[in-house]
Every structure is written in C-alpha cells, then in structure tokens.
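Enquirer: These protein sequence lines map, in sequence, to chains A and B.
Here the numbering used here is used: the first residue of the first sequence is 1, the next is one more, and so on.
Here the numbering used here is used: the first residue of the second sequence is 1, the next is one more, and so on.
These are calculated hints, taken from the structure and not from any lab test.
You may find that some hints are simply not true.
[Said to hold, decoys possible] Below 20 Å or equal to it, Euclidean Cα-Cα: the simulated SDA-like pairs (lysine to any residue) are:
1. 13(B) to 116(B)
2. 45(A) to 26(B)
3. 43(B) to 1(A)
4. 45(A) to 74(B)
5. 43(B) to 105(A)
6. 45(A) to 90(B)
7. 42(A) to 8(B)
8. 45(A) to 112(B)
9. 23(B) to 112(B)
10. 103(A) to 1(A)
11. 103(A) to 99(B)
12. 45(A) to 62(B)
13. 42(A) to 55(A)
14. 42(A) to 65(B)
15. 39(A) to 39(B)
16. 43(B) to 41(A)
17. 87(B) to 62(B)
18. 103(A) to 93(B)
19. 43(B) to 28(A)
20. 45(A) to 13(B)
21. 87(B) to 103(B)
22. 43(B) to 2(A)
23. 87(B) to 108(B)
24. 45(A) to 3(B)
25. 45(A) to 87(B)
26. 42(A) to 23(B)
27. 42(A) to 39(B)
28. 45(A) to 44(B)
29. 45(A) to 113(B)
30. 43(B) to 55(A)
31. 74(B) to 26(B)
32. 43(B) to 76(A)
33. 43(B) to 85(A)
34. 103(A) to 42(B)
35. 103(A) to 20(A)
Single-letter residue listing:
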Amino acid sequence: DIQMTQSPSSLSASVGDRVTITCRASQSIGNYLNWYQQKPGKAPKLLIYAPSTLQSGVPSRFSGRGSGTEFTLTISSLQPDDFATYYCQQTHRSPPTFGPGTKVDI
Amino acid sequence: EVQLLQSGAELKKPGESLKISCKCSGYRFPNDWIGWVRQMPGKGLEWMGIIYPGDSETRYSPSFEGQVTMSVDKSINTAYLHWSRLKASDTAMYYCARRTSAAASAFDVWGQGTLVTVSS
C-alpha cells in the first residue's frame with residue numbers, strides 16, 4: 001500500500017494566521033491527492049481534489065498544490081470555522097489511503 | 001441535492017451479525033461507486049472498499065477483505081455493509097460516501113455515519 005504521512009500532526013494557530021499542512025506519499029501518486037476536513041462528531045468533507053481543484057462551495061482561502069510525492073494544503077487566513085482535522089488521501093493506486101490527519105486548533 | 005442517509009447506531013454483542021445501510025438520493029445511483037470508510041474511536045480514516053451499484057462489482061482493501069461484505073439494492077438506491085460475526089475490534093464509526101470520477105476518485109458526498117459498538 002502507498003503510505004501517506006502528514007506534518008505537523010497538530011498545530012495551534014490564531015484567527016487570521018496563514019496555515020500550511022504538508023502531505024507526503026511513499027511513492028509517486030501523480031496528481032491523485034485529495035484533502036478532507038473533519039470537525040468533531042461530523043463526517044469528513046471534501047475540500048480539494050487533484051490536488052488543487054476546490055470542491056464546489058469551498059472558500060477560496062483554501063488552496064492545494066503539489067505533485068508526485070509532496071503536497072500542501074494552505075489556509076490563507078484562518079477563520080473560526082476552520083478549526084478541524086485535515087486528512088489527505090491518495091487515489092492513485094488501490095487501496096486508496098488516507099494520511100493520519102493534522103489537527104488545527106486554537 | 002445529493003444525500004446519503006445512513007441507518008442508526010447499533011449496539012451488538014461479539015459473534016452477532018449486523019448489516020448497516022446507506023440510502024442514496026439526488027443522483028443516478030447505479031452510475032457512481034459507493035465506498036465505506038471506518039473511523040475507530042479517536043483515530044483516522046480507513047478506506048474499506050467500494051461497490052459499483054450498476055453491476056455490484058466490489059473492490060476491498062486487503063485489510064477488510066473477508067471481514068465485511070458490501071452489497072446494494074438498486075431497487076431502493078441503498079448500499080449495505082454486512083458483518084457475519086462481529087468482534088469487539090469492529091467498534092467504530094462507519095461512513096458511506098459517493099466516489100466521483102469527476103474529482104480524482106475522491107469521496108465527494110458523505111453519509112452522516114453509523115456508530116457500531118460491539119461489547120459483551
């Protein structure tokens with residue numbers, strides 16, 4: 001299986017901060033990288049796919065980039081609604097695998 | 001509006017069987033894969049497998065092959081996840097989600113989750 005890692009595993013930030021989360025794959029996955037946001041007690045929500053296309057309805061402060069083995073999710077100006085756990089997922093090779101998550105809190 | 005509505009929480013004993021459901025609406029059910037994702041308490045997301053409602057083709061993660069069975073009933077636009085003999089380690093939240101080829105095979109719409117608790 002392709003192993004996904006994320007860094008940091010958690011971070012503390014303030015409203016208005018610029019936040020970047022890194023996701024790395026154990027082998028090249030091309031552009032098959034997606035990002036999800038999960039809030040406590042809620043289902044995950046697709047934010048970005050392939051790896052820079054914003055899902056419909058997702059605010060433009062979220063952006064994704066990268067290719068091959070290294071990818072980033074950036075929140076340009078953190079808002080109160082953004083405090084959550086973020087997961088990357090590769091869909092290049094089966095089984096698709098998720099990263100371990102990055103928790104963003106205050 | 002695309003919606004996936006999952007069945008309610010379950011409390012079962014080890015060795016019992018269980019089938020949870022995921023009712024899909026707002027799109028052409030046969031045309032998109034439905035996946036299942038496990039989240040154990042306090043842990044991350046695990047991709048279990050996907051099923052294509054059009055012909056019931058299934059693809060399981062090796063970690064879940066033989067442990068669960070996915071199925072669908074096209075007549076009622078519903079996908080199922082079934083255990084024949086539950087174990088305590090099956091205690092988790094289970095999500096169904098629609099996989100879309102239009103978004104790099106990501107899961108673009110998710111159910112609300114079904115909490116399964118297995119305890120004697």
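Enquirer: None of the hints should be skipped; say for each whether it holds.
Expert: Here's how the hints hold up against the structure:
With a CA separation close to 11 Å, the supplied pair residue 13(B) and residue 116(B) stays within the 20 Å bound. For the given pair, residue 45(A) sits about 18 Å from residue 26(B) by alpha-carbon distance, which is consistent with the 20 Å threshold. The hinted pair formed by residue 43(B) and residue 1(A) meets the criterion: a straight-line CA distance of about 19 Å does not exceed 20 Å. Proximity of residue 45(A) to residue 74(B) is assessed by CA-CA distance (about 25 Å); at most 20 Å being required, the pair is judged violated.
Between residue 43(B) and residue 105(A), the direct Cα distance comes to roughly 17 Å. Compliance with the 20 Å bound is thereby established for this hinted pair. Simply put, residue 45(A) and residue 90(B) have alpha-carbon atoms about 23 Å apart, too far for the 20 Å limit, and the pair is violated. At roughly 14 Å between alpha-carbon atoms, residue 42(A) and residue 8(B) fall within 20 Å of each other, so this suggested pair holds. Between residue 45(A) and residue 112(B), the direct Cα distance comes to roughly 11 Å. Compliance with the 20 Å bound is thereby established for this hinted pair.
Between residue 23(B) and residue 112(B) the CA atoms are separated by roughly 11 Å; this keeps the pair inside 20 Å, and the hint holds. For the given pair, residue 103(A) sits about 24 Å from residue 1(A) by alpha-carbon distance, which is inconsistent with the 20 Å threshold. Between residue 103(A) and residue 99(B) the CA atoms are separated by roughly 25 Å; this puts the pair beyond 20 Å, and the hint is violated. Using a Cα cut-off of 20 Å, the hinted pair residue 45(A) and residue 62(B) is violated, with the two alpha carbons roughly 25 Å apart.
Taking the CA atoms of residue 42(A) and residue 55(A), the gap is near 18 Å; set against the 20 Å cutoff, the hint holds. Proposed proximity of residue 42(A) and residue 65(B) is contradicted: the alpha carbons are some 27 Å apart, above 20 Å. A threshold of 20 Å between alpha carbons decides the hint, and for residue 39(A) with residue 39(B) the separation of about 13 Å falls inside it, so the pair holds. Between residue 43(B) and residue 41(A) the alpha-carbon distance is near 12 Å, which keeps this suggested pair within the 20 Å criterion.
Proposed proximity of residue 87(B) and residue 62(B) is supported: the alpha carbons are some 18 Å apart, at most 20 Å. Note on residue 103(A) and residue 93(B): the hinted pairing holds, with a Cα-Cα distance of about 19 Å set against a maximum of 20 Å. Pair hint residue 43(B) plus residue 28(A) does not hold up; C-alpha atoms about 26 Å apart against a cutoff of 20 Å. For a cut-off of 20 Å, the pair hint linking residue 45(A) to residue 13(B) is broken: about 31 Å separates their Cα positions.
Between residue 87(B) and residue 103(B) the CA atoms are separated by roughly 35 Å; this puts the pair beyond 20 Å, and the hint is violated. Pair hint residue 43(B) plus residue 2(A) holds up; C-alpha atoms about 19 Å apart against a cutoff of 20 Å. Proximity of residue 87(B) to residue 108(B) is assessed by CA-CA distance (about 30 Å); at most 20 Å being required, the pair is judged violated. The hinted pair formed by residue 45(A) and residue 3(B) meets the criterion: a straight-line CA distance of about 13 Å does not exceed 20 Å.
Annotation: proposed proximity of residue 45(A) to residue 87(B) is violated, straight-line Cα distance about 29 Å (limit 20 Å). Between the alpha carbons of residue 42(A) and residue 23(B) the distance comes to roughly 18 Å, so the proposed pair stays at or under 20 Å and holds. With a C-alpha separation of about 11 Å, the suggested pair residue 42(A) and residue 39(B) falls inside the 20 Å cut-off, and the hint holds. The hinted pair formed by residue 45(A) and residue 44(B) meets the criterion: a straight-line CA distance of about 14 Å does not exceed 20 Å.
With a C-alpha separation of about 12 Å, the suggested pairing of residue 45(A) with residue 113(B) holds against the 20 Å cut-off. The suggested pairing of residue 43(B) with residue 55(A) is violated, with an alpha-carbon distance near 25 Å, which exceeds 20 Å. Taking the CA atoms of residue 74(B) and residue 26(B), the gap is near 14 Å; set against the 20 Å cutoff, the hint holds. Only pairs whose Cα atoms come within 20 Å are accepted, and residue 43(B) paired with residue 76(A) is rejected, the gap being roughly 27 Å.
For a cut-off of 20 Å, the pair hint linking residue 43(B) to residue 85(A) stands: about 11 Å separates their Cα positions. Simply put, residue 103(A) and residue 42(B) have alpha-carbon atoms about 12 Å apart, close enough for the 20 Å limit, and the pair holds. Proximity of residue 103(A) to residue 20(A) is assessed by CA-CA distance (about 12 Å); at most 20 Å being required, the pair is judged to hold.
Of the hints listed earlier, those the structure fails to meet are numbers 4, 6, 10, 11, 12, 14, 19, 20, 21, 23, 25, 30, 32, in rising order.
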